[in-house]
Amino acid sequence: MTFSRSLIAASLGLLTAFPALGQQADNAVRFAYGQALENPNPYYTTLRLGVILGRNVWDTLVTRDLDTGEFAPLLATEWTWIDDTTLEMTLREGVTFHDGTSFEADDVVATLTYVSNPDNRIVSQQVASWIASVEKTGEHTIRIHTNGPAPSAMEFLSTQLAIFPAEYFTGPAGESAAALPVGTGPFQYTEYSPGGVIVLSRFADYTATDAKGAASLDRVTIRTIPDIQTQVAGMLSGELDFLMGLPRDQADQLGTLPMVHVESGETMRIVFLQINTTETSPNEALRDVRVRQALNFAIDKEAISTNLVGEGSTPINAVCFIDQFGCTEEGITAYPYNPERARELLAEAGYADGLTIELAAYRDRNLSEAIINYLNEVGVTVTLNYMQPAALRDGMRAHTTELVQMAWGSYSIYDLSASTPVYYGGQPDDNNNDPELMAILDQTAQTVDAEERAALFQQALARISEQAYAVPMFSLPIYYAGAEGLSYQTYPDEILRFWEYSWQ
Amino acid sequence: MLIYLAKRLGLSVLVALFASILAFSLLRLQGNAATALAGEGARAEDIALIIQTYGLDRPIVLQYLSWLGDVLQGDFGTSYFFRTPVAELIASKVGNTVILAMLSLAIALALSIPLGVLAAVYSGTWIDRLCATISLLGQALPSFFLALCMVMLFAIKLRWLPASGDATWRHFVLPALTLGYYITPPFMRLVRAGMIDALGNDYVRTARAKGLPASRVVLKHALRNALVPVVGLVAVQLGLLIGGSVVIESIFALDGLGYLAYQSIGYRDFPVLQAVVLLLAVVYVVLTLVADLVNAWLDPRLRVS
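Chains as they are written, first to last, in my numbering: chain G, 1 to 504; chain Y, 1 to 305.
Since the hints were made in silico from the structure, they are not lab data. Just so you know, nobody snuck in bad clues.
Once the Cα atoms are required to be at most 25 Å apart in a straight line, the calculated SDA-like pairs of lysine to any residue come out as:
| hint | chain 1 | residue 1 | chain 2 | residue 2 |
| --- | --- | --- | --- | --- |
| 1 | Y | LYS157 | G | ASP249 |
| 2 | Y | LYS220 | Y | ALA209 |
| 3 | Y | LYS157 | G | GLY485 |
| 4 | Y | LYS220 | Y | ASP197 |
| 5 | Y | LYS157 | G | MET259 |
| 6 | G | LYS136 | G | ASP84 |
| 7 | Y | LYS157 | G | THR256 |
| 8 | G | LYS136 | G | GLU88 |
| 9 | G | LYS136 | G | ASP99 |
| 10 | Y | LYS220 | Y | ASN201 |
| 11 | Y | LYS157 | G | ASP252 |
| 12 | Y | LYS7 | Y | THR288 |
| 13 | Y | LYS157 | G | HIS261 |
| 14 | Y | LYS157 | Y | LEU146 |
| 15 | Y | LYS220 | Y | PRO186 |
| 16 | G | LYS136 | G | PHE71 |
| 17 | Y | LYS157 | G | LEU257 |
| 18 | Y | LYS157 | G | PRO247 |
| 19 | Y | LYS157 | G | PRO226 |
| 20 | Y | LYS157 | G | ILE228 |
| 21 | G | LYS136 | G | TYR114 |
| 22 | Y | LYS220 | Y | THR206 |
| 23 | Y | LYS220 | Y | VAL121 |
| 24 | Y | LYS157 | G | GLU484 |
| 25 | Y | LYS7 | Y | ALA296 |
| 26 | Y | LYS7 | Y | VAL286 |
| 27 | Y | LYS157 | G | GLN24 |
| 28 | G | LYS136 | G | ILE82 |
| 29 | G | LYS136 | G | ALA166 |
| 30 | Y | LYS220 | Y | ARG208 |
| 31 | Y | LYS210 | Y | LYS220 |
| 32 | G | LYS136 | G | PRO172 |
| 33 | G | LYS136 | G | THR101 |
| 34 | Y | LYS157 | G | ALA25 |
| 35 | G | LYS136 | G | VAL448 |
| 36 | Y | LYS157 | G | TYR480 |
Residues from chain G shown here face chain Y by an in silico Cβ test under 8 Å; the list is partial:
| hint | residue |
| --- | --- |
| 37 | ALA36 |
| 38 | GLU38 |
| 39 | ASN39 |
| 40 | GLY195 |
Note that the Cβ used here is the ideal one computed from N, Cα and C, for glycine as well.
All chains should be modelled from the sequences, with the hints used to inform the complete structure.
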């Protein structure tokens, strides 16, 4: 039993005398996050907290209705693709920024022009690199010209392209004279200190829409607390009201306390084993499709998913999250757990006496150990190389790794363009460089028609499974803990929509 | 004395320099900073841009010399992660660490002096053994374990004190108690040994023979002499407290230098880490030097050796 588990267990009996009043009286929520936010501007951080704040403090032009999967109006009320490279949008009137200025076409033109200019070095350039230019065609109408067919344009416009006031950016690399950035979102920044406390307050003049309502909470305080046990202690002592990303054992223990409400939710993050089959692969055996198929047959992903990962995890046969556009299991070659077949395949490939493979991993070590055990069972000796994420990525990109345990969240983008091309489309993380696969995925980037794109992605996923370029494992859940009385909903994209939170 | 001073100063500068070289090299063994900074899924171009911007493609010796040159001119560079000047970042955090160190030291002295005196006066009795046990526990218990016990008792059960943060003086109590208790044993042992030694001296016997009350003999005559070596230890322990608060500051989410160092390791924020390591090395070296000089001043035999 870990100490934090003992702490929770010991606290169980002690806490009944203290009702968890939390911040109900103040109508506020205090949330702890494990990593420091380096920049309050979402264009200059890769941290999930930055994405979360991006949605709470800013609005995008459109949003995705998570029930229907369709795009819905937000700052833009209507949009039409005039041709393959021109998107015309009509903007909402009567919207104001947190500083009181009104939202107009100039703001959209200025923001998108700024972020699409590589000189301004936003951290995820791909979200805006498809934009060639933006043109104002009226006080509330604009046209976006793209660099070519841009099938992911709407996805980026609905997730990461937050609209700032035109006069915010005054220099390159996000430089601004303003103390804190402003948006049109349901919350506004009140306080930000690097590595310290962030305070958001409700924006009273928020223009609510069907897709995104006004905030119910008056304030959200976010503290950086890297130690998970300190976060748990804060929850138990009534100093915090909400936690995310708890380890399963602690979530299970916290869930037994009457004043904490624990929820697990499936995320878009999938676990898979990436197999290096390139010419420079240090392990020649991995270039044999029978060995790769044997690795697939050898691992009981259902058992690991159920017993180790827990509720909210779903086994996958295709290397993608099922709700993403383009992800399908139709036409996929599945490899159900079959250690006998794995041994046969290894013997056919000339490895009847066994084989040694290095597994590189950077997180979820318990999963690595389980994978190693299953592979040992069929005669594959595995050496585990547990590394820092950056060092692991360097190895992958230099094609010096053999088998890599990956966990990929697709930047919370509901489109396969954020996943499959990254690992199989000839990008730096591609460890197969299969020309056929690269050609198919290249076509997905040039095709605007949704049906055609979906068919191309299906073709790509089928090729990946048939060639066993990966061992698809399962989706990962995330555990949240909220103080009693706090009403909140969780989503697979791991975005905390604080405007929906309320105290009961 | 001047030669002794020059020797010690030279050695101190070498130690600080060696610490900075070691930190510089070890940090770079962790992996490519540019990949870490670029974030998940960054393109090769983004990484190349970072490498170029921060000059990470230059030979490591050149990188070190250029950094050292800037530091000697008072420029600690800009944080890779927060993109603010390192000096500003450190200045905004150092206050909390100094407060924590001073409070911990005060707590350690407040605990160790009475315990040491009691143990010496009642040497060989159960009181001595009790004091030794209390002291031994401080040394044997890992500080993170004690910290979590304190949190469980004072923050969760009794709800007297907050479990984390640094907003008010109350937030410093638990971390200072934890750190203070952790450094109590060496002080207590030194006070006890000094007191036993002093109590056996002629001047104490004389004071007793003069009929002075026992409390006055112990506290005025013996204790004053027993405390002299403690002064030297204070300097060394203060250095340890300022440098060794990484774990405690992280557990209590106390926004100080140790906490900054902990965060910077995760982000491979080399400029911040190098500056923190150099600063801590210098503080430690200066305090040790001061302790050495005080000791040499008190004991001429050290100067000769």
